[in-house]
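Line order of the protein sequences matches chains A and B. Counted from 1, the first sequence has number 168 at position 168 by our numbering; the numbering is strictly sequential. Numbers given in our numbering equal positions in the second sequence, counted from 1, plus 1000.
Fair warning: there could be bad hints in the mix.
Restricting the straight-line Cα-Cα distance to at most 25 angstroms, the calculated cross-link-like pairs of lysine-lysine (BS3-like) are [what the hints assert, rightly or not]:
#: 1; chain 1: B; residue 1: K1175; chain 2: B; residue 2: K1091
#: 2; chain 1: B; residue 1: K1204; chain 2: B; residue 2: K1175
#: 3; chain 1: B; residue 1: K1199; chain 2: B; residue 2: K1091
#: 4; chain 1: B; residue 1: K1199; chain 2: A; residue 2: K221
#: 5; chain 1: A; residue 1: K122; chain 2: A; residue 2: K221
#: 6; chain 1: A; residue 1: K221; chain 2: B; residue 2: K1175
#: 7; chain 1: A; residue 1: K186; chain 2: A; residue 2: K91
#: 8; chain 1: B; residue 1: K1199; chain 2: B; residue 2: K1245
#: 9; chain 1: B; residue 1: K1091; chain 2: A; residue 2: K221
Which residues of chain B face chain A? A partial, calculated answer using Cβ under 8 angstroms [claimed, not checked]:
#: 10; residue: I1056
#: 11; residue: L1058
#: 12; residue: R1087
#: 13; residue: M1095
#: 14; residue: F1097
#: 15; residue: T1102
#: 16; residue: N1105
#: 17; residue: E1116
#: 18; residue: T1120
#: 19; residue: Y1152
Across the chosen pairs, the derived CB separations fall in these ranges [stated by the list, open to error]:
#: 20; chain 1: B; residue 1: A1280; chain 2: A; residue 2: A3; range: 56 to 64 angstroms
#: 21; chain 1: A; residue 1: G125; chain 2: B; residue 2: P1290; range: 39 to 47 angstroms
#: 22; chain 1: A; residue 1: L252; chain 2: B; residue 2: Y1082; range: 37 to 45 angstroms
#: 23; chain 1: B; residue 1: R1018; chain 2: A; residue 2: R216; range: 19 to 27 angstroms
#: 24; chain 1: B; residue 1: T1066; chain 2: A; residue 2: F235; range: 30 to 38 angstroms
Note that these hints are calculated values from the structure, not bench results. By construction, the Cβ of each residue, glycine as well, lies at the ideal position given by its N, Cα and C atoms.
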Amino acid sequence: MTAFIIRRLLQSVFVMLVVALVAFLMFNYVGDPVNQMVGIDTSFAQREHLRQELGLNDPTLVQFARFVGHAVRGDFGLSYQHKRPVADLFKERLPATLELSLVAALFSLLVGIPMGVYTGLKPDGWLSRIFMAFSLVGVSLPTFLIGILLIFVFSVILGWLPSYGRGTVVAIGGWTTGLLTVSGLKALLMPAVTLGLFQLTLIMRLVRSEMLEVLRTDYIKFARARGLTDRAINFGHALKNTLVPVMTITGLQIGSIIAFAIITETVFQWPGMGLMFLQAIQNVDIPIMSAYLILVAFFFVVINLIVDILYYVVDPRLRVDTAKANGHA
Amino acid sequence: MPGPLLQIAHLRIAFDTRRGNLVAVDDVSFDVHRGEVFGIVGESGAGKSLTGQAVIGLLEPPGRITAGRIRLEGRRIDNLPYARMRRLRGKQIGMIFQDPLTSLNPLYTIGRQLTETILTHRNMSHAQAREHAVRILSDVGIPAAEKRMEHYPHQFSGGMRQRVVIALALCVNPKLVIADEPTTALDVSIQAQIIALLKQLCEKHATAVVLITHDMGVIAEICDRVAVMYAGRIVELGTVRQVVKHARHPYASGLMGAIPSLRHRQERLNQIEGSMPRLAEIPAGCAFHPRCPEAFAKCRRRRPHLIEIQGAQVACWLYGEKA
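Please build the complete structure, drawing on both the sequences and the hints.
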């Protein structure tokens, strides 16, 4: 177990280094950073001086090492556009994105899994058919369209929910949260549903097909032959066996929820990292872009690490070292 | 004097398919007495497993019972509502499946699976159920049962897992156990142990066994009475002595000829030519006549019914009016 975690940690470090290299190369190949920072009337000598001062004349490897060194300490330099440290900008915006993503993920799991179990247990029921038709819509409609439709119905026509922003937020330490005020919760509702809908339908369809698969297995038949209750069979025996693939997909999806919050945040003018990232692209603000890249990769790596550890918790067959220690009869 | 434990009368199992109604088991009747080991033997597709599944109420749709009655201790069980049938399963009728490797849930310890089953049917505290589970595990010959309770199925070998499966099927002392090819997936060396264990446990608790198999050797070893099935019907039924030593039906005697013997040296084992017809293509008359070495005109026209000869039952025109 420990050996496994260490191995996975090393792999994660390697992945992060590769991502950092890509983020680093952006500075050198997407425009000239010096040109981005100075005005038109800056002389060549001044530019050369700045270049020297910023260390841009050093060998690439040295520059990369310096970049990684800074990144590890959370220093991603100054934003070209805001003239402020990128780290501070992210600190302000991270809570908005994480809250949105977390609520969207919870929504997709808490609704998607029960719907998947239901459609798996009663594949021919009329409610299952409705769920399946609904899931087809969820999978095929693009996120921005769902967002716009929701705004049209609930903000424009009914006027129940705000169409943009985070509402009133409360600061707790360095973290701003919209979860504690009514207006914050109201503002969160539509973006979270928009962002979570695709994941919800994906999880529902996955749980359904896994349930159908597991219910055909011999151990479920044997559980029936032993007279166990339907509840024990469906939830105790069948659902738990669907968890490994569901966890894999959920882990990947939470990563992409954070990454693809960009679109939802744009539609709802949600003051998160995604919105900032999109503005940064428009202004070729490389430090923000590279920091965003690294941050999202970091989330993916951490979530996947957690999922891998959860496998061990759920599936005893993966705990190879314990099996070996006990031997065979 | 109490009647037989299990009575099956004129059981018919059919599948509704797009090509119409396929009858997989037809007019099957037999009794199983308390503590008896009753064998059902036949080729794959003869309907033996379906008969077993019908008894425990686990026929998989679209298969269903379309005619006949199944009685346990005189009470009909083929038409019980789902919830009442569920309470019967495990408690009155246990079942052992063919493949021990896939019969156990891989994510739970065998201790949990045992106590769960016991607690479903018995009014016991968790500690009592656990104690009972340990006892039954050592009864089925699992060493260090107390410690093994905490182990997961993948930590057991195939033979050991089948012992666990037997423990699970017998843990609340059902009156009847249906063993569907319990040794087919096991090594030959372990088969004999498992069969001996099953026989010993069932004798100890006076449990009746319906043993479904295609292995005549197993039948000869532990069964009291045996039914030979072919294409969904019983073609011969009698005591093991009657059927194994003096098989009357040409199919049954063909099966017996396929048992290797140490006493008689043979170059090749006897073999029944051809294969069993598919459900949709069962021939008119006796279903066996295309493969039967002794078939005559009547066999092709009319289907023989079971008739009684010296205590055994045979469905063959050789033993009736020949015209």
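Verification of the hints:
With a C-alpha separation of about 8 angstroms, the suggested pairing of K1175 of chain B with K1091 of chain B holds against the 25 angstroms cut-off. A C-alpha spacing of about 12 angstroms is found between K1204 of chain B and K1175 of chain B, which places the hinted pair at or below 25 angstroms, so the restraint holds. For the hint pairing K1199 of chain B with K1091 of chain B, the CA-to-CA distance comes to about 19 angstroms; that is within 25 angstroms, so the pair holds. The hinted pair formed by K1199 of chain B and K221 of chain A meets the criterion: a straight-line CA distance of about 24 angstroms does not exceed 25 angstroms.
Between K122 of chain A and K221 of chain A the alpha-carbon distance is near 17 angstroms, which keeps this suggested pair within the 25 angstroms criterion. Distance check on the hinted pair: K221 of chain A and K1175 of chain B sit about 20 angstroms apart at the alpha-carbon level, within 25 angstroms; holds. Note on K186 of chain A and K91 of chain A: the hinted pairing holds, with a Cα-Cα distance of about 23 angstroms set against a maximum of 25 angstroms. Note on K1199 of chain B and K1245 of chain B: the hinted pairing holds, with a Cα-Cα distance of about 21 angstroms set against a maximum of 25 angstroms.
The straight-line distance between the Cα atoms of K1091 of chain B and K221 of chain A is roughly 16 angstroms, inside the 25 angstroms bound, and the hint therefore holds. At its closest, the beta carbon of I1056 of chain B sits 6 angstroms from a beta carbon of chain A; the interface hint therefore holds under the 8 angstroms criterion. The interface hint given for L1058 of chain B holds, since its Cβ lies 6 angstroms from the closest Cβ of chain A, which is under the 8 angstroms cut-off. At its closest, the beta carbon of R1087 of chain B sits 6 angstroms from a beta carbon of chain A; the interface hint therefore holds under the 8 angstroms criterion.
Using the Cβ-Cβ criterion of 8 angstroms, the hint placing M1095 of chain B at the interface with chain A is satisfied: the shortest such distance is roughly 4 angstroms. For the restraint placing F1097 of chain B at the interface with chain A, the shortest Cβ-Cβ distance is roughly 6 angstroms, inside the 8 angstroms limit, so the hint holds. For T1102 of chain B, the interface hint holds, the least distance from its beta-carbon to any beta-carbon of chain A being 4 angstroms, beneath 8 angstroms. For N1105 of chain B, the interface hint holds, since its Cβ comes within 8 angstroms of a Cβ in chain A; the closest pair sits about 5 angstroms apart.
The interface hint given for E1116 of chain B is met, as the beta carbon of that residue sits about 7 angstroms from the closest beta carbon of chain A, less than 8 angstroms. Here the hint on T1120 of chain B is kept, as its CB sits about 5 angstroms from the closest CB of chain A, short of 8 angstroms. Because the closest C-beta pair between Y1152 of chain B and chain A is about 4 angstroms apart, less than 8 angstroms, the hint holds. Judged by the Cβ atoms, the range 56 to 64 angstroms given for A1280 of chain B and A3 of chain A holds: they are separated by roughly 57 angstroms.
Checked against the hint of 39 to 47 angstroms, the C-beta distance between G125 of chain A and P1290 of chain B comes to roughly 45 angstroms, which is consistent with it. A hinted range of 37 to 45 angstroms for the beta carbons of L252 of chain A and Y1082 of chain B is consistent with their spacing of about 39 angstroms. At roughly 21 angstroms, the beta carbons of R1018 of chain B and R216 of chain A sit within the given window of 19 to 27 angstroms. Between T1066 of chain B and F235 of chain A the Cβ separation comes to about 33 angstroms, which falls inside the hinted range of 30 to 38 angstroms.
Violated hints for the displayed structure: none, as all numbered hints are satisfied.
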